[in-house]
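**Q** Sequence:
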Amino acid sequence: MQDGFHGELAPVGSTLVTMARAAREAMRQAGAALLASDPTLAQQVTVRDAEIDVLSRVVEDRVYDLVGRPKADSQDVRRLMTALRVAAHLERMGDLAVHVARATLRRHPAPAVAPELAEYFGAMTTVADGLAGKIVAALTADDVVLAGQLDQDDDAMDELHRRLFSAMLSPDWPLGVEAAIDGALLGRFYERYADQAVNVGHHLVSLWK
35 MQDGFHGELA PVGSTLVTMA RAAREAMRQA GAALLASDPT LAQQVTVRDA
85 EIDVLSRVVE DRVYDLVGRP KADSQDVRRL MTALRVAAHL ERMGDLAVHV
135 ARATLRRHPA PAVAPELAEY FGAMTTVADG LAGKIVAALT ADDVVLAGQL
185 DQDDDAMDEL HRRLFSAMLS PDWPLGVEAA IDGALLGRFY ERYADQAVNV
235 GHHLVSLWK
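Residue numbering for the sequence shown follows our numbering, beginning at 35 and increasing consecutively.
Hints may contain errors.
To be verified - Here are the computed distance ranges between Cβ atoms for each label pair:
(1) Asp185 <-> Pro143: 33 to 43 Å
(2) Asp177 <-> Asp87: 25 to 35 Å
(3) Gln186 <-> Ala144: 30 to 40 Å
(4) Asp87 <-> His142: 23 to 33 Å
What the hints assert, rightly or not - List time: in silico DMTMM-like cross-link candidates among lysine to aspartate or glutamate, alpha-carbon distance up to 20 Å:
(5) Lys105 <-> Asp95
(6) Lys243 <-> Asp110
(7) Lys243 <-> Asp95
(8) Lys105 <-> Asp177
(9) Lys105 <-> Asp87
(10) Lys243 <-> Asp176
(11) Lys243 <-> Asp185
(12) Lys243 <-> Asp177
Hints were generated in silico from the structure; no laboratory data involved.
All C-beta atoms in this analysis are idealised placements derived from N, C-alpha and C, irrespective of residue type, glycine included.
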């Protein structure tokens with residue numbers, strides 16, 4: 035998203051890259067806090083999310099300033115509207131990382147994740163990080179190929195989500211309803227994080243194809 039009239043679109047693209055990096059780091063921290071039952075790290079996620087919210091407002095203000103200018107042609111306006119949509123999804127990714135972090139805070143000093151489920155959430159954190167990393171790379175390089183891969187990459191998260199529920203719904207599940215509810219909510223946060231990443235990819239592919 036670096037081209038545009040008089041280079042004035044470039045700061046919008048740069049801000050989106052910064053947002054994507056922050057959304058990626060937020061989920062990295064949230065996942066690490068979840069698996070280590072680390073409240074200090076979980077608190078840092080809320081700070082990161084506040085930064086993402088500020089950056090989202092920066093994008094909105096810049097877009098609304100540029101979109102009505104006479105020099106903005108139809109392609110410029112399309113890019114600006116895409117930037118708004120992408121910023122909204124990145125902001126939501128930050129919010130979902132906060133939900134994961136709050137689970138750690140809510141259960142502390144007890145672990146928020148049962149040991150039987152730790153492997154799933156470790157893998158989901160890795161997949162989420164890969165999706166967010168690909169957004170960063172796609173935005174940095176205007177890479178439509180990377181953006182298009184996000185949809186397929188999400189399949190790994192969907193598979194982990196299915197395996198998580200299979201484990202919790204198994205007759206051999208030993209931990210009762212409360213632990214299963216916690217696992218289901220956390221799994222949903224990760225699944226939605228991945229869905230938001232896919233939505234970013236769809237918007238970028240639509241813009242760049």
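**Q** So, for every hint listed, does it hold in this structure?
**A** Quick rundown of the hints versus the structure:
Against the hinted window of 33 to 43 Å, the Cβ-Cβ separation of Asp185 and Pro143 comes to about 40 Å, which satisfies the hint. Look at Asp177 against Asp87: about 27 Å separates their beta carbons, and that is inside 25 to 35 Å. Judged by the Cβ atoms, the range 30 to 40 Å given for Gln186 and Ala144 holds: they are separated by roughly 37 Å. For the pair Asp87 and His142, the supplied restraint of 23 to 33 Å holds, since their beta-carbon distance comes to about 24 Å.
Between Lys105 and Asp95, the direct Cα distance comes to roughly 18 Å. Compliance with the 20 Å bound is thereby established for this hinted pair. This hinted pair checks out: Lys243 and Asp110 have alpha carbons roughly 15 Å apart, not beyond 20 Å. The suggested pairing of Lys243 with Asp95 is violated, with an alpha-carbon distance near 27 Å, which exceeds 20 Å. Taking the CA atoms of Lys105 and Asp177, the gap is near 26 Å; set against the 20 Å cutoff, the hint is violated.
Note on Lys105 and Asp87: the hinted pairing is violated, with a Cα-Cα distance of about 29 Å set against a maximum of 20 Å. Between the alpha carbons of Lys243 and Asp176 the distance comes to roughly 11 Å, so the proposed pair stays at or under 20 Å and holds. Using a Cα cut-off of 20 Å, the hinted pair Lys243 and Asp185 holds, with the two alpha carbons roughly 15 Å apart. Of the pairs offered as hints, the one joining Lys243 and Asp177 holds, with about 10 Å between alpha carbons and a cut-off of 20 Å not exceeded.
Hint violations for this structure: numbers 7, 8, 9, all remaining hints satisfied.
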